[in-house]
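Build the full structure now, drawing on both the sequences and the hints.
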Amino acid sequence: MQAAALIPAPEAIPVAAGCLEGLLIVTFALHIILINSVLGGAIVCSVRSVVNKNSIAIKKIAKVLPSLFALAINLGVAPLLFIQILYGQYMYTSSILMAMYWLSVFFLAIFAYYALYVFAGRYGGHAKVSMSIFLSSVAMLCIGLVFSNNMTLMLRPDMWFAYFASSGGTLLNFGDQTVWPRYLHVVVASIAVGGLVLALVARHKIAKESEELAMQEERLGLNIFLITSLVQIMIGATLFFSLPEHLRHLFSGGSEFYTGALLVGLASVAMLLFQAAARNLYGTIITLVFTVLVMAGLRALVRKAMLDPYGGLAALPVETEVSPFLMFIVALVLGLGVIAYMINLAMRSSEEV
11 MQAAALIPAP EAIPVAAGCL EGLLIVTFAL HIILINSVLG GAIVCSVRSV VNKNSIAIKK
71 IAKVLPSLFA LAINLGVAPL LFIQILYGQY MYTSSILMAM YWLSVFFLAI FAYYALYVFA
131 GRYGGHAKVS MSIFLSSVAM LCIGLVFSNN MTLMLRPDMW FAYFASSGGT LLNFGDQTVW
191 PRYLHVVVAS IAVGGLVLAL VARHKIAKES EELAMQEERL GLNIFLITSL VQIMIGATLF
251 FSLPEHLRHL FSGGSEFYTG ALLVGLASVA MLLFQAAARN LYGTIITLVF TVLVMAGLRA
311 LVRKAMLDPY GGLAALPVET EVSPFLMFIV ALVLGLGVIA YMINLAMRSS EEV
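Quick note on numbering: the sequence shown equals residues 11 to 363 in the working numbering.
I should point out that these hints are in silico values taken from the structure, not numbers from a laboratory.
Heads up, a few of these hints could be off.
[As the list claims (entries may be wrong)] Restricting the straight-line Cα-Cα distance to at most 27 Å, the calculated cross-link-like pairs of lysine-lysine (BS3-like) are:
hint, residue 1, residue 2
1, Lys218, Lys63
2, Lys218, Lys69
3, Lys73, Lys218
4, Lys70, Lys218
5, Lys63, Lys73
Next comes the structure, spelled out in structure tokens:
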């Protein structure tokens, strides 16, 4: 039996695949920045709560983590829907093959969210409360590992045959050598972004209480970002060389577009390191957003190249329905505006407290 025989027939899409792919890239980039902020902030708080139990920075970060987590989860719905529209025949199948672990994501997310609230509300009042931020971090790390397995398993229909040997919904994709580098790439990136969260909190929150302490914390946050970003380069190289040979060939001159996209990504990483080394906080943040967008685009190119042999986007029938798509765009813009307004209100209320 050929692997292609295991793939369900694709559903029709309402607009050209390129439009949906573009929205997938943008919404995924926004989601991953927020989720990196939450996970990275939680990891920073976990470590700092052991090293310095009375840290002002921890108290300030802890207050914003539950709200950030809620925003990250809600914003994650959009890319999840887009990937299901474009690659539903692959993702639904891989989700069923690992259903036991995939369903656990909901319970892990609820637990992580609750633990963040416990830490934010009771930190400093009881020594055992510090354990809650550690447990929240572990839960989020487990969620990331499940997603890494699913997002790689959907790209490997040839691995789906393992279902016939284990049909209980417990199939994982650790046989794929890209899983661990891909997972670590996200985790280390989260720690880096957590450093930026610390630097931002220092500049806008701690500076009102102590300029000297704020400078120390901002310097520490940027150092965390710079060091972990250097580690990211090594992990990124490992991830690249773990890709199948035909993908490496595309990014290494086999395709002008793929190679050009990779060069843009490398250039953005170089600019990011330069901004961080120069202690330019806002320059680092702006460059980070651009870099994440480029990396999300590279991720999409890898996905396309992996699934093209099985039909990929070219196999999707298009039944044009412009009105629902336009309504979604309007709702998305309005929704982002409301989110920005809510963040502004939250920041004002935290300042009053």
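Given the proposed pairing of Lys73 with Lys218, does the C-alpha separation stay at or below 27 Å? holds, 16 Å
Hinted pair Lys218 and Lys63, Cα distance within 27 Å: With a Cα-Cα distance of about 21 Å, the restraint between Lys218 and Lys63 holds, given a limit of 27 Å.
Measure nothing beyond the straight line between the CA atoms of Lys70 and Lys218; if it is 27 Å or shorter, mark the hint as holding. Distance of about 12 Å is within 27 Å: holds.
What's the verdict on Lys63 and Lys73, does the C-alpha distance respect the 27 Å limit or exceed it? Given that 27 Å is the threshold and the Cα spacing comes to 16 Å, the pair holds.
Pairwise hint evaluation, Lys69 against Lys218, where the allowed Cα distance is 27 Å at most: holds, 14 Å
Hint check: no violations occur; every hint is consistent with the structure.
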